[in-house]
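Can you make the complete structure from the sequences, with help from the hints?
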Amino acid sequence: MNDMTERKLALSHMWVAFIAFILACFMGEYQVLERSGLIEALDSPTVYFASVSTHGVLMAYVLTTFFIMGFGYYTASTSLKTPVWNKNLAWAGFWLALAGVVIAAVPLLLGLASVLYTFYPPVQAHYAFYIGATLLIVGSWVWCGIMIMMFLQWKEQNPGEIVPLVMFATTMNAMLWLWTSAGVALESLFLILPWAFGWVDTIDVGLARTLFAWTLHPIVYFWLIPAYTAFYSFVPKHAGSYLFSDELARAAFIVLVVFSLPIGFHHLYMDPEQASGWKLLHSVGTFIVSIPTFITGFTVIASLEVAGRLRGGKGLFGWIGTLPWTNTMVLSVILSLLMLIFGGWGGLVNASYAMNAMIHNTAWVPGHFHLIFAGTTVIMYFSIAYYLWPILTKKPIYSNNLALVQLWTWFIGMSIMTTPWHVLGLLGQPRRISSVVYNNLMTLSWEPYELLMIMGGLVLVGSACLFIYLIFKTQFGATTEVYEAEVEYAESYHEVKDLPEYLNDIKLWNKVIAVLMFISFGIPILQFFFLDTYDSSAWGY
Amino acid sequence: MHIDPLEKKWAQIVLAICAFFITIIMIDALFHSVNAPSNVETINSAKLHLSEEFAEDNLGVQIDEKGEITIRMVAGRYSFFPKKITVPAETKLTFRWVSIDVLHGVHIPMTNMSTMIVPGFVAEIETSFPKPGEYPVLCNEYCGLGHDHMWSKIDVVEKDQWQAPQITSKGGDNK
Numbered sequence: 293m294n295d296m297t298e299r300k301l302a303l304s305h306m307w308v309a310f311i312a313f314i315l316a317c318f319m320g321e322y323q324v325l326e327r328s329g330l331i332e333a334l335d336s337p338t339v340y341f342a343s344v345s346t347h348g349v350l351m352a353y354v355l356t357t358f359f360i361m362g363f364g365y366y367t368a369s370t371s372l373k374t375p376v377w378n379k380n381l382a383w384a385g386f387w388l389a390l391a392g393v394v395i396a397a398v399p400l401l402l403g404l405a406s407v408l409y410t411f412y413p414p415v416q417a418h419y420a421f422y423i424g425a426t427l428l429i430v431g432s433w434v435w436c437g438i439m440i441m442m443f444l445q446w447k448e449q450n451p452g453e454i455v456p457l458v459m460f461a462t463t464m465n466a467m468l469w470l471w472t473s474a475g476v477a478l479e480s481l482f483l484i485l486p487w488a489f490g491w492v493d494t495i496d497v498g499l500a501r502t503l504f505a506w507t508l509h510p511i512v513y514f515w516l517i518p519a520y521t522a523f524y525s526f527v528p529k530h531a532g533s534y535l536f537s538d539e540l541a542r543a544a545f546i547v548l549v550v551f552s553l554p555i556g557f558h559h560l561y562m563d564p565e566q567a568s569g570w571k572l573l574h575s576v577g578t579f580i581v582s583i584p585t586f587i588t589g590f591t592v593i594a595s596l597e598v599a600g601r602l603r604g605g606k607g608l609f610g611w612i613g614t615l616p617w618t619n620t621m622v623l624s625v626i627l628s629l630l631m632l633i634f635g636g637w638g639g640l641v642n643a644s645y646a647m648n649a650m651i652h653n654t655a656w657v658p659g660h661f662h663l664i665f666a667g668t669t670v671i672m673y674f675s676i677a678y679y680l681w682p683i684l685t686k687k688p689i690y691s692n693n694l695a696l697v698q699l700w701t702w703f704i705g706m707s708i709m710t711t712p713w714h715v716l717g718l719l720g721q722p723r724r725i726s727s728v729v730y731n732n733l734m735t736l737s738w739e740p741y742e743l744l745m746i747m748g749g750l751v752l753v754g755s756a757c758l759f760i761y762l763i764f765k766t767q768f769g770a771t772t773e774v775y776e777a778e779v780e781y782a783e784s785y786h787e788v789k790d791l792p793e794y795l796n797d798i799k800l801w802n803k804v805i806a807v808l809m810f811i812s813f814g815i816p817i818l819q820f821f822f823l824d825t826y827d828s829s830a831w832g833y
Numbered sequence: 302m303h304i305d306p307l308e309k310k311w312a313q314i315v316l317a318i319c320a321f322f323i324t325i326i327m328i329d330a331l332f333h334s335v336n337a338p339s340n341v342e343t344i345n346s347a348k349l350h351l352s353e354e355f356a357e358d359n360l361g362v363q364i365d366e367k368g369e370i371t372i373r374m375v376a377g378r379y380s381f382f383p384k385k386i387t388v389p390a391e392t393k394l395t396f397r398w399v400s401i402d403v404l405h406g407v408h409i410p411m412t413n414m415s416t417m418i419v420p421g422f423v424a425e426i427e428t429s430f431p432k433p434g435e436y437p438v439l440c441n442e443y444c445g446l447g448h449d450h451m452w453s454k455i456d457v458v459e460k461d462q463w464q465a466p467q468i469t470s471k472g473g474d475n476k
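Protein sequences, first through last, are from chains A and B. Quick note: the first sequence uses the numbering used here, first residue 293, plus one each step. Quick note: the second sequence uses the numbering used here, first residue 302, plus one each step.
No lab work stands behind these hints, which were simulated from the structure alone. It cannot be assumed that every hint is accurate.
Capping the alpha-carbon separation at 30 Å, the derived lysine-lysine pairs in BS3-like fashion look like this [to be verified]:
| id | chain 1 | residue 1 | chain 2 | residue 2 |
| --- | --- | --- | --- | --- |
| 1 | B | K454 | B | K432 |
| 2 | A | K300 | A | K529 |
| 3 | A | K687 | A | K529 |
| 4 | A | K300 | A | K373 |
| 5 | A | K686 | A | K300 |
| 6 | A | K529 | B | K310 |
| 7 | A | K686 | A | K529 |
| 8 | B | K309 | A | K606 |
| 9 | A | K789 | A | K373 |
| 10 | A | K803 | B | K454 |
| 11 | A | K379 | A | K686 |
| 12 | A | K799 | B | K309 |
| 13 | A | K789 | B | K310 |
| 14 | B | K310 | A | K606 |
| 15 | A | K300 | A | K447 |
| 16 | A | K373 | A | K687 |
| 17 | A | K789 | B | K309 |
| 18 | A | K803 | A | K447 |
| 19 | B | K309 | A | K529 |
Ranges between beta-carbon positions, derived for each pair [what the hints assert, rightly or not]:
| id | chain 1 | residue 1 | chain 2 | residue 2 | range |
| --- | --- | --- | --- | --- | --- |
| 20 | B | I328 | A | P451 | 48 to 54 Å |
| 21 | A | F609 | B | K460 | 52 to 58 Å |
| 22 | A | A333 | B | I314 | 52 to 58 Å |
| 23 | B | A347 | A | P486 | 17 to 23 Å |
| 24 | A | F609 | B | I328 | 51 to 57 Å |
| 25 | B | K348 | A | M734 | 32 to 38 Å |
| 26 | A | N802 | B | K393 | 44 to 50 Å |
Yeah, the Cβ is synthetic: ideal placement off N, Cα and C, and Gly gets one too.
Written out as structure tokens, the structure reads:
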């Protein structure tokens, strides 16, 4: 199969993702420096909040969405062994999303959209920011449509056959993203855009927050699923073994997708506008969605153990040392799981309903999501890139040793940065401040931790630069060597047979999600139309 | 379909862990009233000065005939008003927070006095402070470029040294 277009699609999307990433990394380091107050000349809330807003948008929306789209196009076409359906449409989606990024970037960089990536009304940004963000989402919907089309067409042409796990996961993620983005799309189209254009004077803040909470949790699973897909579909082969259980992997993806949606109120635990019964309901779902992560940890570690033993590892822990630590995919999954264990533990604290009061909106929260997103998730984006770049460019990786150094430094930098960040939260430091001006002794205890965070950030910036250097040199470096390998997906330890249809299709789960969403969001949204609510007018910042 | 016995065991352990956490949260919420601060009560944030309850001379600490203490606070860029209040330690306190402008959050570090203050709603939270001292009251949601400067103080004094303000007739009831 001539897969030139597919390779170009994947590379184009991923380059947009990683360029956004490296720009945002430098902003991150500037922010931690500015915030510490160490260099007086840097002190400027105007620049700081413009930077935080841009950093958040680039990392959370651009890096993720473009990486996921590129990854999806290539894994779909290689696992199903068919070209991407409607390539022109795929390119249209790419350009639409990219146009959205550019349109949003202009007001962000000019300081006209310093409303942070959560853009909570009634603080209002320039309307171009909301238009850009909306276009990015619409562009990503094109990708969702293509993934689901390819899945359905393949099933029609191969009746009774089992959809490859990687494609099953990607399609579940496309369906997840359609459901996820519906919340913020409703908020954007019906509340924010008419208000930003000046067609209406006021906005229902409670409703806007509720709709954003709809999106705010499952979006992180949208980002995480490619990492889990690599855990299941790439890691076992790289370690030299088999996937421990294909069936449970599918079950894990299903529970992850279904239960990540109806639980967004754990972001509103401290909000007045939703009653405690709804919050409790969402907290139960929040614990249920931890189950597939526990299962994933088990299956991946079991696959690694099989590999270690096949390579001669003996005893209870002997298999760990015999793993191929110099394989970037294997190293990254080990580091990723380590960060997942700590980040997941922090997540359970956040999820714990009334206990959330202790850490809500403190520095603990960005500490948590940097560990679990920038750590656990993004380190897998790196190793996926290291695996795919030679295949996509047909050139060998520039240096495997430097890639290993890059992964290790990312892990070390992330540990140095996020540990003090968590501690700062427990010591009461709010997130989202640009400087510490509280005239209170308490703030003295914060200083050493801020210095540590600057160090961690420096290590991370260095590591990020090395990553960009490596993929750039791989693609554009002068080499005559041709790399011929193709993508390989893990094989199952046990042969998969008699797979029930519910583990091979998305239709049933789509209906289950609809019911759960109706139960958990129906009345909480409708209440705003029955209550005597007072809307807010627009405020600058 | 094949599921390894080890995996079955692990799945059961995981379910038990989750059930354990959920049970603790439910017992605390349903039997000990340990809840996140919910209060679906709307108010017109643009007309607080005209409202009975949050009119200027009605803010701060008040005690009613039954001895219940209610503290009414207004959050606005960039402070909490009144800027300094005094409350007794080891006493049940009911805070009622409203915003005059945008979204704010309030947290008194090292305590569970934490809530979002959403324009259009009254945030209500019940708490008590075990230890006397001067505590900072911090805004913990981005509310504008001056957000860093949004903070005030609360003095917590020994219960027997606290002087109750005069019982006022207006606004003392929690409506």
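Numbers of unmet hints, in rising order: Those not satisfied are hints 10, 24.
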